[in-house]
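S.K.: Here are the chains, one letter per residue:
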Amino acid sequence: MTRYLRLYAHFLRFSFSKAMEFRVDFFFRVFMDLFFYFVQFVFFNVIYLHTNMLGGWNIDQMQLFVATYIFIDAFHMTFFANNTWWFPISINRGDLDYYLTRPASSFFFLAFKEFAANSLINLLLTGFFLGYILFNYPEPLSPLKILVFLPLLINGAFLYFMTFLIFLMSVFWTSSPRGFADVFYAGEKVMHRPDGIFNGYMRKFFLTILPFSVMASLPVRFLTENNETSILVQIIGASLLIYSIVFILWRLGLKNYSSASS
Amino acid sequence: MIKVEHLCKNFSVHKKEPGFKGSVASLFNRQYTTKKALIDFNLTINEGEIIGLIGSNGAGKTTLTKILSGIIHPTSGKVSVLGFNPWDKPNEYRQKMALIMGQKAQLWWDLPALDGFLLLKEIYQIPTRDFYDRIEFLSEYLQIKEQLNIQVRRLSLGERMKVELMAALLHQPKVIFLDEPTIGLDLTAQKAVRRFIKEYRKQYNPMMILTSHYMDDIEELCERIVIMKEGQKVFDGNIENLHQKYASKKVIKLHVFEDDQRAELINRFPKSLGQIEEIGKTVQIITPRENVSESSKFALNCSEINDFSISEQDIGNIIESIQRSGH
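Sequence order for the protein chains is A and B.
Quick note: the first sequence uses numbering that gives the first Met the number 0, first residue 0, plus one each step.
Quick note: the second sequence uses numbering that gives the first Met the number 0, first residue 0, plus one each step.
Next comes chain A alone, as it looks inside the complex (with noise of 0.2 Å):
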């Protein structure tokens, strides 16, 4: 494990000695995800002009809502959205052979070598406004709730990754560009919206084979509702389902991996 940490201490600093070569890169980025958060944020405070309650959450409920979605997805943009970008290409240029030769996870190097430093910037902010948000919330927080809620937004970020590379996993069988990343974009949105908009099936569904809902929506029902364990116990399940599926996919992906020509 330690191993590891030292190998993603090389990547960080790889990560930001290139990051800061490209200026307009670097800054473009930070000004695009805020803009987009900032979006987000204001797009829910209209809709809340016109209705008191959306899915069973008031205005206070839903600010929170925003607030974790918003540092889920720029902890994403942190740690794992480079290496999305970069998985499928890796896959059908090649450039995984390399990384098959060493005598560490092949995994661990296309997931997470990238760590893109400008979204650290947009990492900060999000969660000082969640801290924010959290602080000024109306009702009272428990403390220990608060605990598990942190690590809970940070298996959200993962299952995210995790979703996403299991449609990214495709390119092993179709050789495609992007795999199926066009999918993952359209289903992703929902992880936008509460949970409590969605009924019966659509609802499971969202619950737990694609579980964009147990992402941002249960890590906030946990903190603001009395039936933690079970909403803990849906996010433990949800989580471990997509992670063996990541696995087992990955291992089939590598015995059908065909390389490129030279």
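Don't take every hint at face value.
Okay, derived cross-link-like pairs now, BS3-like style, lysine-lysine, Cα gap no bigger than 25 Å in a straight line [stated by the list, open to error]:
hint, chain 1, residue 1, chain 2, residue 2
1, B, Lys-77, B, Lys-88
2, B, Lys-201, B, Lys-95
3, B, Lys-296, B, Lys-280
4, A, Lys-17, B, Lys-144
5, B, Lys-88, B, Lys-35
6, B, Lys-252, B, Lys-270
7, B, Lys-34, A, Lys-254
8, A, Lys-254, B, Lys-103
9, B, Lys-77, A, Lys-254
10, A, Lys-112, B, Lys-103
11, B, Lys-14, A, Lys-254
12, B, Lys-88, A, Lys-254
13, A, Lys-17, B, Lys-103
14, B, Lys-103, B, Lys-197
15, B, Lys-296, B, Lys-252
16, B, Lys-244, B, Lys-228
17, A, Lys-254, B, Lys-2
18, B, Lys-103, B, Lys-144
19, B, Lys-95, A, Lys-254
20, A, Lys-254, B, Lys-35
21, A, Lys-112, B, Lys-95
22, B, Lys-270, B, Lys-244
23, B, Lys-228, B, Lys-103
24, B, Lys-34, B, Lys-14
25, A, Lys-112, B, Lys-88
If you are wondering where the hints come from, they were derived from the structure by calculation, not from laboratory data.
Got chain A sorted already, so can you dock chain B onto it with the hints?
M.R.: Chain B only, in chain A's frame:
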């Protein structure tokens, strides 16, 4: 030791008729064809041996290298490298092997080579002292010390290959797969890489499998060559065996300064002894081995010779003719 038994590898390749109509047809009714990259391939390589894998494009050399290094799975057959099954990807095996691909970079493009080496130090868990000693030795020998702090993308192709070699050898592998290490390099850089490989081998004695289209690489570095054609082995032996088996003829070269003497030699040379042709001021005779003595005598008696040599046929031509005939 490397042992390959009855190895087969098939690739399923999507087939498409040309043009828009073909694209639409392939969308609804996709046709696949099976490409046999390796067919019942057998090979044994002993400790410390260096072999050259030769074959035209698509002969199966790179596929074999990728199976041996554990990158791809075979369709069937058995492989053991240093006692390991490569595609199980055990770390103990990966710690002992290295792959160098002339057409693919392993170092971070935007960073100095030394940064990449530090990452490799962590991956292979090389003790700090050994790491710096090896950097010193390799960079000294490859004469690349000054370039280690320059971004890899700013290095010349030759310098890049040198740092790639360093990256692959830092952990002192027991088996090294070199896939076209001199491709695209100028003659000086090719020579430097060859000289380095030779010296490294002398010092550390690893098993090496070299794939190259440059015959100079093969002749200078390999004791044994394996010629592949369409996924099968068509020759396995040393260069002498190759000459004995396939080069039934030898080449006699005579430097004749006077034009009329050259013309006379060409006119009088008996066709039954072999082929004769004029290349500038040189006369070249390609003659069966058993006629070498008689042909030489005839040529020496016939004209005033400034220089004279007898050599084997060019190995490239022999291999080309094997590739064409298939045996």
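S.K.: Are the Cα atoms of Lys-296 (chain B) and Lys-252 (chain B) separated by 25 Å or less?
M.R.: 13 Å, holds
S.K.: For the pair supplied as a hint, Lys-244 (chain B) and Lys-228 (chain B), is the alpha-carbon distance within the 25 Å limit?
M.R.: Answer holds: Lys-244 (chain B) to Lys-228 (chain B) is near 17 Å, not above 25 Å.
S.K.: Is Lys-17 (chain A) within 25 Å of Lys-103 (chain B), Cα to Cα?
M.R.: 20 Å, holds
S.K.: Tell me if the straight-line CA distance from Lys-34 (chain B) to Lys-14 (chain B) falls inside 25 Å.
M.R.: 11 Å, holds
S.K.: Given the hinted pair Lys-296 (chain B) and Lys-280 (chain B), is their Cα-Cα distance within 25 Å?
M.R.: Holds: Lys-296 (chain B) and Lys-280 (chain B) sit about 19 Å apart, inside 25 Å.
S.K.: Is it true that the CA of Lys-88 (chain B) sits at most 25 Å from the CA of Lys-35 (chain B)?
M.R.: 24 Å, holds
S.K.: Decide if the proposed pair is consistent with the structure: Lys-17 (chain A) and Lys-144 (chain B), CA atoms, cutoff 25 Å inclusive.
M.R.: 23 Å, holds
S.K.: For Lys-254 (chain A) and Lys-35 (chain B), compute the direct alpha-carbon distance and say whether it is at most 25 Å.
M.R.: 18 Å, holds
S.K.: Within 25 Å, alpha carbon to alpha carbon, are Lys-88 (chain B) and Lys-254 (chain A)?
M.R.: Holds - the C-alpha atoms of Lys-254 (chain A) and Lys-88 (chain B) are around 11 Å apart, at most 25 Å.
S.K.: Does Lys-103 (chain B) sit within 25 Å of Lys-228 (chain B), going by the straight-line distance between their CA atoms?
M.R.: Roughly 24 Å separates the two Cα atoms, so the pair holds.
S.K.: Does Lys-112 (chain A) pair with Lys-88 (chain B) here, judged by a C-alpha cut-off of 25 Å?
M.R.: Holds. Lys-112 (chain A) to Lys-88 (chain B) sits at ~20 Å (cutoff 25 Å).
S.K.: Is Lys-103 (chain B) close enough to Lys-197 (chain B), meaning Cα to Cα at most 25 Å?
M.R.: 22 Å, holds
In this structure, every one of the numbered hints holds.
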